[in-house]
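Given the structure of chain H, go ahead and fit chains B, Y and C with the ligands onto it with the hints provided.
As a plain string of letters, each chain reads:
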Amino acid sequence: MKKFINDPKNFVPEMLKGLALANPDTLKYVPEYNLIHRADAPNADKVTIIQGSGSGHEPAHVMTVGKGMLDAACPGDIFAAPPVDYVYETTKLLASPKGVLLLVNNYTGDRMAFEMAQEMARADGIRVEMLFIDDDVAVEDSLYTIGRRGVAGNFFVMKAVGAAAEAGADLDEIIRIGEKVNSVTRTMGVALTACTPPAKGSPLFDLGPDEIEIGIGIHGEPGRRRGKLVSADEIVDDILGAVITDLPFTSGDRVALMVNGLGGTPISELYLLYGLAHEKLVSASITVGRNYVGEYCTSLDMAGASITLVKLDEEIESLLAAPAEIPIRVF
Amino acid sequence: MKKFINDPKNFVPEMLKGLALANPDTLKYVPEYNLIHRADAPNADKVTIIQGSGSGHEPAHVMTVGKGMLDAACPGDIFAAPPVDYVYETTKLLASPKGVLLLVNNYTGDRMAFEMAQEMARADGIRVEMLFIDDDVAVEDSLYTIGRRGVAGNFFVMKAVGAAAEAGADLDEIIRIGEKVNSVTRTMGVALTACTPPAKGSPLFDLGPDEIEIGIGIHGEPGRRRGKLVSADEIVDDILGAVITDLPFTSGDRVALMVNGLGGTPISELYLLYGLAHEKLVSASITVGRNYVGEYCTSLDMAGASITLVKLDEEIESLLAAPAEIPIRVF
Amino acid sequence: MKTRSIIDTEFVVRSIAETAIENEDAFCKLDSVVGDGDFGYSLARGFEKVLDEWDVFDRTDSSIFLKSIAHTITSRIGGTSGPLWGTAFLRASTAVRGRDEVGGADVVAMLRAAIEGIKDRGKSDVGDKTLLDALVPATDALEVAVAQGSSFEKALDEAAKAAREAADATSSLQARRGRASYTGERSIGSPDAGAVAVAVILERLTIQSRDR
Amino acid sequence: MKTRSIIDTEFVVRSIAETAIENEDAFCKLDSVVGDGDFGYSLARGFEKVLDEWDVFDRTDSSIFLKSIAHTITSRIGGTSGPLWGTAFLRASTAVRGRDEVGGADVVAMLRAAIEGIKDRGKSDVGDKTLLDALVPATDALEVAVAQGSSFEKALDEAAKAAREAADATSSLQARRGRASYTGERSIGSPDAGAVAVAVILERLTIQSRDR
Ligand SMILES: Nc1ncnc2c1ncn2[C@@H]1O[C@H](COP(=O)(O)OP(=O)(O)O)[C@@H](O)[C@H]1O
Ligand SMILES: Nc1ncnc2c1ncn2[C@@H]1O[C@H](COP(=O)(O)OP(=O)(O)O)[C@@H](O)[C@H]1O
Ligand SMILES: [Mg+2]
Ligand SMILES: [Mg+2]
Ligand SMILES: [Mg+2]
Ligand SMILES: [Mg+2]
Numbered sequence: 047m048k049k050f051i052n053d054p055k056n057f058v059p060e061m062l063k064g065l066a067l068a069n070p071d072t073l074k075y076v077p078e079y080n081l082i083h084r085a086d087a088p089n090a091d092k093v094t095i096i097q098g099s100g101s102g103h104e105p106a107h108v109m110t111v112g113k114g115m116l117d118a119a120c121p122g123d124i125f126a127a128p129p130v131d132y133v134y135e136t137t138k139l140l141a142s143p144k145g146v147l148l149l150v151n152n153y154t155g156d157r158m159a160f161e162m163a164q165e166m167a168r169a170d171g172i173r174v175e176m177l178f179i180d181d182d183v184a185v186e187d188s189l190y191t192i193g194r195r196g197v198a199g200n201f202f203v204m205k206a207v208g209a210a211a212e213a214g215a216d217l218d219e220i221i222r223i224g225e226k227v228n229s230v231t232r233t234m235g236v237a238l239t240a241c242t243p244p245a246k247g248s249p250l251f252d253l254g255p256d257e258i259e260i261g262i263g264i265h266g267e268p269g270r271r272r273g274k275l276v277s278a279d280e281i282v283d284d285i286l287g288a289v290i291t292d293l294p295f296t297s298g299d300r301v302a303l304m305v306n307g308l309g310g311t312p313i314s315e316l317y318l319l320y321g322l323a324h325e326k327l328v329s330a331s332i333t334v335g336r337n338y339v340g341e342y343c344t345s346l347d348m349a350g351a352s353i354t355l356v357k358l359d360e361e362i363e364s365l366l367a368a369p370a371e372i373p374i375r376v377f
Numbered sequence: 047m048k049k050f051i052n053d054p055k056n057f058v059p060e061m062l063k064g065l066a067l068a069n070p071d072t073l074k075y076v077p078e079y080n081l082i083h084r085a086d087a088p089n090a091d092k093v094t095i096i097q098g099s100g101s102g103h104e105p106a107h108v109m110t111v112g113k114g115m116l117d118a119a120c121p122g123d124i125f126a127a128p129p130v131d132y133v134y135e136t137t138k139l140l141a142s143p144k145g146v147l148l149l150v151n152n153y154t155g156d157r158m159a160f161e162m163a164q165e166m167a168r169a170d171g172i173r174v175e176m177l178f179i180d181d182d183v184a185v186e187d188s189l190y191t192i193g194r195r196g197v198a199g200n201f202f203v204m205k206a207v208g209a210a211a212e213a214g215a216d217l218d219e220i221i222r223i224g225e226k227v228n229s230v231t232r233t234m235g236v237a238l239t240a241c242t243p244p245a246k247g248s249p250l251f252d253l254g255p256d257e258i259e260i261g262i263g264i265h266g267e268p269g270r271r272r273g274k275l276v277s278a279d280e281i282v283d284d285i286l287g288a289v290i291t292d293l294p295f296t297s298g299d300r301v302a303l304m305v306n307g308l309g310g311t312p313i314s315e316l317y318l319l320y321g322l323a324h325e326k327l328v329s330a331s332i333t334v335g336r337n338y339v340g341e342y343c344t345s346l347d348m349a350g351a352s353i354t355l356v357k358l359d360e361e362i363e364s365l366l367a368a369p370a371e372i373p374i375r376v377f
Numbered sequence: 049m050k051t052r053s054i055i056d057t058e059f060v061v062r063s064i065a066e067t068a069i070e071n072e073d074a075f076c077k078l079d080s081v082v083g084d085g086d087f088g089y090s091l092a093r094g095f096e097k098v099l100d101e102w103d104v105f106d107r108t109d110s111s112i113f114l115k116s117i118a119h120t121i122t123s124r125i126g127g128t129s130g131p132l133w134g135t136a137f138l139r140a141s142t143a144v145r146g147r148d149e150v151g152g153a154d155v156v157a158m159l160r161a162a163i164e165g166i167k168d169r170g171k172s173d174v175g176d177k178t179l180l181d182a183l184v185p186a187t188d189a190l191e192v193a194v195a196q197g198s199s200f201e202k203a204l205d206e207a208a209k210a211a212r213e214a215a216d217a218t219s220s221l222q223a224r225r226g227r228a229s230y231t232g233e234r235s236i237g238s239p240d241a242g243a244v245a246v247a248v249i250l251e252r253l254t255i256q257s258r259d260r
Numbered sequence: 049m050k051t052r053s054i055i056d057t058e059f060v061v062r063s064i065a066e067t068a069i070e071n072e073d074a075f076c077k078l079d080s081v082v083g084d085g086d087f088g089y090s091l092a093r094g095f096e097k098v099l100d101e102w103d104v105f106d107r108t109d110s111s112i113f114l115k116s117i118a119h120t121i122t123s124r125i126g127g128t129s130g131p132l133w134g135t136a137f138l139r140a141s142t143a144v145r146g147r148d149e150v151g152g153a154d155v156v157a158m159l160r161a162a163i164e165g166i167k168d169r170g171k172s173d174v175g176d177k178t179l180l181d182a183l184v185p186a187t188d189a190l191e192v193a194v195a196q197g198s199s200f201e202k203a204l205d206e207a208a209k210a211a212r213e214a215a216d217a218t219s220s221l222q223a224r225r226g227r228a229s230y231t232g233e234r235s236i237g238s239p240d241a242g243a244v245a246v247a248v249i250l251e252r253l254t255i256q257s258r259d260r
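Chains as they are written, first to last, in the working numbering: chain H, 47 to 377; chain B, 47 to 377; chain Y, 49 to 260; chain C, 49 to 260.
What the hints contain is simulated information worked out from the structure, not anything from laboratory work. Incorrect hints may appear among the rest.
Said to hold, decoys possible - Facing chain H, according to a computed beta carbon distance under 8 Å, are these residues of chain B, among others: (1) L67; (2) E315; (3) T344.
What the hints assert, rightly or not - Derived DSSO-like pairs: lysine-lysine, alpha-carbon spacing no greater than 27 Å straight-line: (4) K55/H to K326/B; (5) K138/H to K77/Y; (6) K97/Y to K77/Y; (7) K77/C to K48/B.
Said to hold, decoys possible - Examples of chain Y residues toward chain H, derived with CB under 10 Å: (8) C76; (9) S80; (10) V82; (11) G88; (12) W102; (13) H119; (14) S129; (15) D154; (16) T231.
Don't be surprised by glycine CBs; every beta carbon is placed ideally from N, CA and C.
Here chain H stands alone, though its shape is the one from the complex:
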């Protein structure tokens, strides 16, 4: 394993400390609960938006805490849902009289931790609701899983509910918006290489030198199938095709198109993929209203990418276009 780390056990706290040092005016860090929150939160006039989930997906979610997006994130260790207490204490600390919304990517561990924390917080009289994000088309919803996974499409839910909360919407309205965005968001990813969790010290799974994993999960979970490494064009056909046919997106639709890097893939390749995806949508008479190219939800150092489509309407588009101030920036 080749990484910039000291002790693997301190990887997450040291990253969070760096994030807090880099944003002294806007963010506060509470080490006990891996908690990063807006310096000006909670705000009694605003619903509090909290996202937990495991670490290793940066910038999601600690680096999207800020005005117009999250009020707080309390990540667990790498790829591990936060312990119940982190979520409970974060909820207590950030509680607003207008209520709290917990955004949860749909994984067993996260669901359980957030459900337990919600129960505990409610017992304390806090108004707290939960919203599950499950945009990954790679996993079929079936009796035999807990359903689809939440992957890079969570960005759009966070952005939309963040904008609505900032504008003063109440909790019910925010939940309506979040559920709507989630219901029209679809993602599929592909891995070229495995990622290496710091504590493990070696790649999480084996991929042959010309193998790829189609439908990869953001924790390195296997996807739909192993395939041969093919051209970028064929890969986009494959995963964009799966995304399009799932909702389905159809001729005449207006969409947001995201090409998300999984951590080890340079932005040059992401723009190359973007160009291919954009053109394929155009030839399917689908209009790209907004686009997103870069890293939004990663899997540590995994080389790979995911493609997300969101079906836009006026309401969603204006929420996505609303300003936000978060650590991920160039200036």
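Frame of chain H; chains B, Y and C with the ligands shown alone:
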């Protein structure tokens, strides 16, 4: 090699096409010269700022074309200076009566191409000046090289001259500013892995499983020495120390601190490095006035990072703080 | 002075904690076949915390002691295992609330309560390829042995054997809960990490209680 | 009708172009030891373009023909090689401006002009571990052979041998120009890519002109 590519020969054009498709309102793409330029350039009231250099360093420089930064970038192929003609044609197309500034990273190939193009453009009566960027402390300036290399610190020169040009400064003033920023900017990088150029198909050099290259160049050129993989803390001590002692930066200084990823290193690790560097500066009584964490100048998929310090004064700080609108963004 | 029951409970919890810490890598490896490779890490970090706080837990009785352990696990173990194992310890604690002494039948009752807690929390059952697939047959075996009047050491040994056999048998199951379920049929062919952990813990408890 | 001189010049340029294209990988490999591995790629892409445009170059005389080649190289080859090779071809063209026929002495003059162009453009000289370290001794050898009245084939052979020997000898030099110079002493021990390319080109020219 595992990359999202079609034909390696089309890697750069396909990336540029994607970039243009993603920014239809603000950017124009001229395939003949790998040219990406602001849709509203040239502007007769504004000095034109052009940057060339090889590809493979994205977001540098094609993705920093926009209001407040570059008017145009005409990259060569991966790690290869652009052919003379690209620079010449770009200069002609973007020429402004207020003049043109060519920003050049100090490498043999780039110097020669830009010098030839400058000569040709001048023969056409265009006012065109050149500014060399050479912030890399890894290479000693000596009779036996063409001097220090330009690496991630080029961001600060581009940002400062871009802001000055946007504000209407004349060419002499812009050159003064650019030279000043370059003269107080110092960078050093470290590679954990080699990068793989698409056309080569295999890693550019061999690094053992626990070896690192200290002082790496952004084209994979060897640096000061090979070393053993050590803790993040020791690595920061090493490269930040080299940067600090070079200018030197001293107690009481106010600086901009950049932790730049080389392409394959996830942002989580960059924030971890940022925290370590920030604290070391604080204990040397150096104040971090502005900070930059992310990818600014990469080497394809190389795992690694560089640290840049810029000594701030009021003028530089306000130019760095000026707004800019470039493709690298979250919204 | 500590009661006999507290001493026994301490012994069991400490043995579980030590097993988790010592098997960190092995448990991670098991979880990385079709999971995300952090099962051992999560358990080890949590049980390290249990040992760190060992001296400050409330030892009024076994139930209260287990409740404090449950709290530490819940607040320190992330991933799926935190809520599941925390719930299991909490339910076990509830099963002997207010009891001064804890006998073989109580242990069976505690395990049954823990199993119900895991099922509730995990919306899972036997056959889903989880730790339940080892824990349930082990509890069955323990119950039979206790009912037959076997010594506790002997009963533990039966439970450990049942757990091991059942854990091995999870190889042929397709995962229907947890992260491994996303792999569908690919989950067949390797045992479930949680089930193996149950077997390893019981085997170590058997050996240690023999040496006690 | 083409002049003899144009036919000879075409032959030489085509041979250089084919060598560059066929040796793309080999030249890249040489450049990746202490350079950035793209030398072969840059040359190949540029000379592919030369062959693409082969039929449209102005063939009024050798000088004008070489000037158009120089233009294509300059506009199509990036990196260090574009300006260097472009300048070399341009200067060679200038050395025979207005001449109808080109003889052995003219070839020497063209090479001398090309060398001066590279030195000017690259601010480099013999001993800096660049293609000059093969090109200069090769030109010297050619000049001697031409002066001794050797056949052109024989003179080329001498030049090729001198180039190969000199290219091999660059292994012991420390690079003082180009990207390899950043590596300081580490550049010692492997030959310069540009110098080897000069040798390979001359060797191929020798063989092809024998077969002509
Ligand atoms: N719904 C569930 N019910 C019971 N046990 C479960 C469930 N999901 C997972 N497990 C158990 O938890 C183990 C994985 O734990 P852990 O690695 O902490 O989870 P993750 O990393 O997926 O969050 C599995 O091997 C399985 O035994
Ligand atoms: N200043 C110079 N003068 C003459 N030749 C040079 C100079 N710099 C480099 N070269 C030659 O160019 C070759 C490298 O070419 P190329 O790979 O295109 O350059 P780069 O990738 O460094 O821009 C070297 O092997 C050397 O022979
Ligand atoms: Mg996990
Ligand atoms: Mg190059
Ligand atoms: Mg796991
Ligand atoms: Mg090169």
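Comparing the hints with the structure gives:
Annotation: interface hint on L67/B holds; nearest CB of chain H at approximately 4 Å, less than 8 Å. A cut of 8 Å between beta carbons decides the hint on E315/B: the least distance to chain H is about 4 Å, and the hint holds. Given the 8 Å rule on beta carbons, the hint for T344/B holds: about 6 Å separates it from the nearest Cβ of chain H. Of the supplied pair hints, the one linking K55/H and K326/B holds, its CA atoms being roughly 21 Å apart against a limit of 27 Å.
Annotation: proposed proximity of K138/H to K77/Y is violated, straight-line Cα distance about 36 Å (limit 27 Å). A C-alpha spacing of about 22 Å is found between K97/Y and K77/Y, which places the hinted pair at or below 27 Å, so the restraint holds. Under the criterion of a C-alpha separation no larger than 27 Å, the hint pairing K77/C with K48/B is consistent with the structure, at around 19 Å. For C76/Y, the shortest C-beta to C-beta distance to chain H is roughly 6 Å, which falls under 10 Å, so the interface hint holds.
Hint status for S80/Y relative to chain H: holds, with the closest Cβ pair at about 6 Å, below 10 Å. Because the closest C-beta pair between V82/Y and chain H is about 7 Å apart, less than 10 Å, the hint holds. Of the supplied interface hints, the one on G88/Y holds, with its beta-carbon coming within about 9 Å of a beta-carbon of chain H, less than 10 Å. The interface hint given for W102/Y is broken, as the beta carbon of that residue sits about 19 Å from the closest beta carbon of chain H, more than 10 Å.
The interface hint given for H119/Y holds, since its Cβ lies 8 Å from the closest Cβ of chain H, which is under the 10 Å cut-off. Hint status for S129/Y: holds, given a least beta-carbon distance of 8 Å to chain H, under 10 Å. Hint status for D154/Y relative to chain H: violated, with the closest Cβ pair at about 26 Å, above 10 Å. A least Cβ separation of about 5 Å between T231/Y and chain H falls short of the 10 Å threshold, and the interface hint therefore holds.
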